[in-house]
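**Student:** Chains as they are written, first to last, in the numbering used here: chain A, 1 to 92; chain B, 1001 to 1404.
I should point out that these hints are in silico values taken from the structure, not numbers from a laboratory.
There could be a bad hint or two in this list.
As the list claims (entries may be wrong) - Example chain A residues on the side facing chain B (calculated, C-beta under 10 Å, incomplete):
| no. | residue |
| --- | --- |
| 1 | Trp8 |
| 2 | Glu10 |
| 3 | Ser20 |
| 4 | Ser21 |
| 5 | Pro52 |
| 6 | Gly54 |
| 7 | Val58 |
Unchecked claim - Label-pair restraints from in silico Cβ distances:
| no. | chain 1 | residue 1 | chain 2 | residue 2 | range |
| --- | --- | --- | --- | --- | --- |
| 8 | B | Glu1054 | A | Ser20 | 44 to 54 Å |
| 9 | B | Ile1199 | A | Met25 | 41 to 51 Å |
| 10 | B | Tyr1095 | A | Gly75 | 51 to 61 Å |
Ideal placement from N, C-alpha and C gives every residue a C-beta, glycine not left out.
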Amino acid sequence: MSESKPGWRELPKGAVSTKSSKDYMTGDWGIEKPDFDRDRCTKCMLCHFYCPEGAIHVREDGYTDVDLKHCKGCGVCAEECPVKCITMVRKK
Amino acid sequence: MTEQKLVGMNGDEAAAFAAKQVNPDVVAAYPITPQTIIVERFSEYVADGEVDTEFVAVESEHSALTTCVGAAAAGARAFTATAANGLALMWEITYIASGMRLPIVMTVVNRALSGPLNIHSDHGDSMGVRDSGWIQIYCENSQEVYDASLEAWKIGEHADVLLPVMICLDGFTLSHTMENVMVLPDDAVKEYVGEREFITVEGHMGETELRLNPEVPLSMGPVDLQDYYFEHKVQQVKAMEHALKVIPEVDAEYEKMTGRHYGFMNPYRMDDAEVALIGLGSTMGTVRFVIDQLREEGVKAGMISLRIYRPFPVETLLEYLADVPVVGVLDKAVSFGAPGGPLYEDVKTTFYDQEKKPLIANYVHGLGGRDASPKLLKGIYEDLLKIRKKGEVTTMVNYTGVRE
């Protein structure tokens, strides 16, 4: 709340979002983050599809990776991984 | 002035006919007595190809208003109608419509809320949503219903307002009673209401019109916490204040076309009035009749038929009532546990800080459709005269016309 925010005169009507959801850094909500064991990963991409935040993307090489600026650490990816190659670990 | 036609219509038909002439993009509604005639008539217009409207026959009133919210957010003109428990079921969505600044128009045919079950008229339903951020217009007769049903779009869609509008008419007394109504030709209405216009907002993808458009996406009404909600609510407060400026403008334009204008309230024989009643809806038609009788007997009686209840026209009310010695406030709703009826509280608050103010008493009447007869209203004026003589109000809130 320390940043200066616009007042009612300035804000657009209709309570529309002035920022994209990408601009909300939800990564700092989380306690844990996914840790991928790529030796066992089959590149099935289910974690990418299941991630409710869209924080898991698919890399050029076919493996998935996490965007820690947006990952809330919910653990859905680890739960859904069919080969259990994702472990939730404490964020530093 | 535009040439008009005199037709016989009840209040519901007047609302449906006006909606037909406006030709809204979407109508979503669910039948409920005494509103059913509106959606029945309107669905006939749809079936007969007289309108281009997408008619959505929904499974509940909650869905009816939700459909209107979606349609209006997408840029459509959306209309619905309901009554009593139907409005109660919509309650959640009434706040969403106003919070997202969607100028939906809804006819509320006032009916007593259950329980016990009652289908007749009182204002408990619309008074229950008086804080939901909708403009509320109360009608005294079917002509007012027709006129308000056209003006509503111009008021709600005004760039400085952007609020949903509720047109309230008394169940059966107005909704099912045939009256003379002057109507405009279709093309005059079409020109009057024009096309819905949109303001520009700065969304997350840049500047765009305030409506859902896949080319420039907008998120409307998402989570809004401690840091923004308050600002958005104050914007709604300001929109209501703006409506007080916009309503007379819209009304003046309507008068040029029809010769009829209403303002916030209709005074009757108020110039030298010593005792006056203020109230909402069809009761006020009977009050007019009673005033004429009392005047013949030498009683200086007058009345204010309040048309615009939200936003509450404080300044105009002060002008009309400050010099009147005794004012009776007619409430057709009860606010359980409150100091008085909702209109009474508003009128009293209006005068609290004034040096010059009338003695004010509250008369709750007509609950569940109990008849507001000339005899009953005359009795209220007699009570006001007693207060005048005594110089004080002994009973603040009176339940008039109830058996003891």
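**Student:** Give me the numbers of the hints this structure contradicts, sorted from smallest to largest.
**Tutor:** Violated hints: 5, 6, 7, 8, 9 and 10; rest satisfied.
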